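K.L.:
The lines below spell out each chain.
2 protein chains.
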Amino acid sequence: MKELEQRILKDGVGIGSDILKVDSFLNHQLDTGLIARMGEEFARLFAGCGANKILTVEASGIAIAFAAARAMGDIPVVFAKKALPNTMEDPYVAKVHSFTKNTDKTIVVSKSYLSGGDRVLIIDDFLAYGSAGLGLVDIVRQAGAEVAGFGAAIEKSFQGGAEKLRALGITVHSLAVIASIEDGNIKF
Amino acid sequence: MKELEQRILKDGVGIGSDILKVDSFLNHQLDTGLIARMGEEFARLFAGCGANKILTVEASGIAIAFAAARAMGDIPVVFAKKALPNTMEDPYVAKVHSFTKNTDKTIVVSKSYLSGGDRVLIIDDFLAYGSAGLGLVDIVRQAGAEVAGFGAAIEKSFQGGAEKLRALGITVHSLAVIASIEDGNIKF
Chain A
22 MKELEQRILK DGVGIGSDIL KVDSFLNHQL DTGLIARMGE EFARLFAGCG ANKILTVEAS
82 GIAIAFAAAR AMGDIPVVFA KKALPNTMED PYVAKVHSFT KNTDKTIVVS KSYLSGGDRV
142 LIIDDFLAYG SAGLGLVDIV RQAGAEVAGF GAAIEKSFQG GAEKLRALGI TVHSLAVIAS
202 IEDGNIKF
Chain B
22 MKELEQRILK DGVGIGSDIL KVDSFLNHQL DTGLIARMGE EFARLFAGCG ANKILTVEAS
82 GIAIAFAAAR AMGDIPVVFA KKALPNTMED PYVAKVHSFT KNTDKTIVVS KSYLSGGDRV
142 LIIDDFLAYG SAGLGLVDIV RQAGAEVAGF GAAIEKSFQG GAEKLRALGI TVHSLAVIAS
202 IEDGNIKF
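Which chain is which? The protein sequence lines are A and B, in order.
So in this note's numbering, spot 101 of the first sequence is number 122, and the numbers just go up one at a time.
So in this note's numbering, spot 169 of the second sequence is number 190, and the numbers just go up one at a time.
Misleading hints may appear alongside valid ones.
[Said to hold, decoys possible] Dumping the calculated DMTMM-like pairs for lysine to aspartate or glutamate here, alpha-carbon to alpha-carbon at most 20 Å: (1) B:Lys122 / B:Asp39; (2) B:Lys31 / B:Asp204; (3) B:Lys126 / A:Glu79; (4) B:Lys132 / A:Glu110; (5) A:Lys103 / B:Asp204; (6) B:Lys116 / B:Glu79; (7) A:Lys132 / B:Asp204; (8) B:Lys31 / B:Glu203; (9) A:Lys126 / B:Asp39; (10) B:Lys122 / A:Glu110; (11) A:Lys23 / A:Asp44; (12) A:Lys42 / B:Glu79.
[Stated by the list, open to error] Simulated coverage check for chain B against chain A, where a stretch passes if three residues somewhere in it have a Cβ under 8 Å from a Cβ of chain A: (13) 49 to 55; (14) 72 to 83; (15) 93 to 99; (16) 154 to 165; (17) 183 to 193.
No lab work stands behind these hints: they were computed from the structure.
In this text, all values refer to a predicted model and were calculated from it rather than measured experimentally.
Don't be surprised by glycine CBs; every beta carbon is placed ideally from N, CA and C.
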C-alpha cells in the first residue's frame, strides 16, 4: 500500500538493523484517516475469504482491526488480552515469545467469543518473527475455528514470520513489506 | 444514548454492587457498528469544543476514541500506555489507582504527542471513581495543553468520578449513566 510505505519513509524511525518505530501514526498516536484506509485495503485483499470475525491482540492491533471490520460489513472484532482479567474464567491461552525483549508472555481469549463455527481473519500491526501471529493462530485452532487469513500492517520480511504462517497453509497479506533496515535506513 | 443503554441491559453483566462486565461488545469483543455510532454521538455532544486531538488509555478506550476521532474529522488519537516501552524516553507519567484491584499503576504518554497548543478531548470506556480520568487530565496539564472535555462510554455515577472531573471545571458527557447495580441488577 503506497500511502503506508510513503508514511513509513516520512515518519517511521528505523533503529539499528531490526526495529521500526511508527509511534507517530500507528502505535501511540493514531492517524485515523490512514488507518481507515488501511482497513479498506485489508477488506479488498481478503474479499471472499469468508471471515465472520476478526482476531487481533491489544493494544496496537485494535484500531487497525476495528477499521478492517468496519470495511468488511461490521463483523465483530475480538482482541486477545495480555493479562488475564480477574472476571475471565478458563480462557484460551497461548504463549508468545518477544525476540526484542527476550521474554515469554501469554495472551488470552475468552472461550465465549471464539468457537467451532467461526472463520477468523487475524490482523496485527507488525509481522516480524511471527511469534504473536503463531500465538493467535494457536488460539483460533484451540477454539476449533478456521483461520481465514492473516493480515499485517507492516511485515519485516527478513525476520521470517510470514514464511512460518504460510508453511501452515495460511494466506498472508501485508500492507507494507520491509526488506531490510540498515543503520536505521528502511528498504522495501 | 438509548442504543447503548439497551445493549447494556441485554448483554451487560452486573456483578455484585459495583462491577459491570461488557466484554461481549465493548471490552474484549467489539461491536464495531455500535462503537462507530458511539463515536458519532461523542462528536455531536462535543461539537464546538475545539478539540484538535483525542487522548485515551489502552486498551479498551482505543476503539471508542478511534470512532470519535473519525466522526470529528479524523483528528489524531493518542493512547496512553500502561507500561513504558523501552524506546520511549522521558514521557509524561501519571499514577492511576485501581479501586477494584486496590493497586497503583502508572500511565505514560510520549512528550512528542502532546504539547502547549493542544486542546484535548479525553475519551474512555468507563468513568467510575475517576482515577484513570484524573490521571489523563494530569497528563494533559503536564503538557501545558487544555482539556476540551471528557467523554465516557459508561459512567457509574454512584462511584463519583464525574463529580471529581466537573469540580476541576471539565465538561463531562457519558453515553450511558448507571445509577446503581444491586445484586447484579442494572439501573440507569
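K.L.:
Can you give the numbers of the hints that this structure goes against, from lowest to highest?
P.N.:
4, 5, 7, 9, 16, 17
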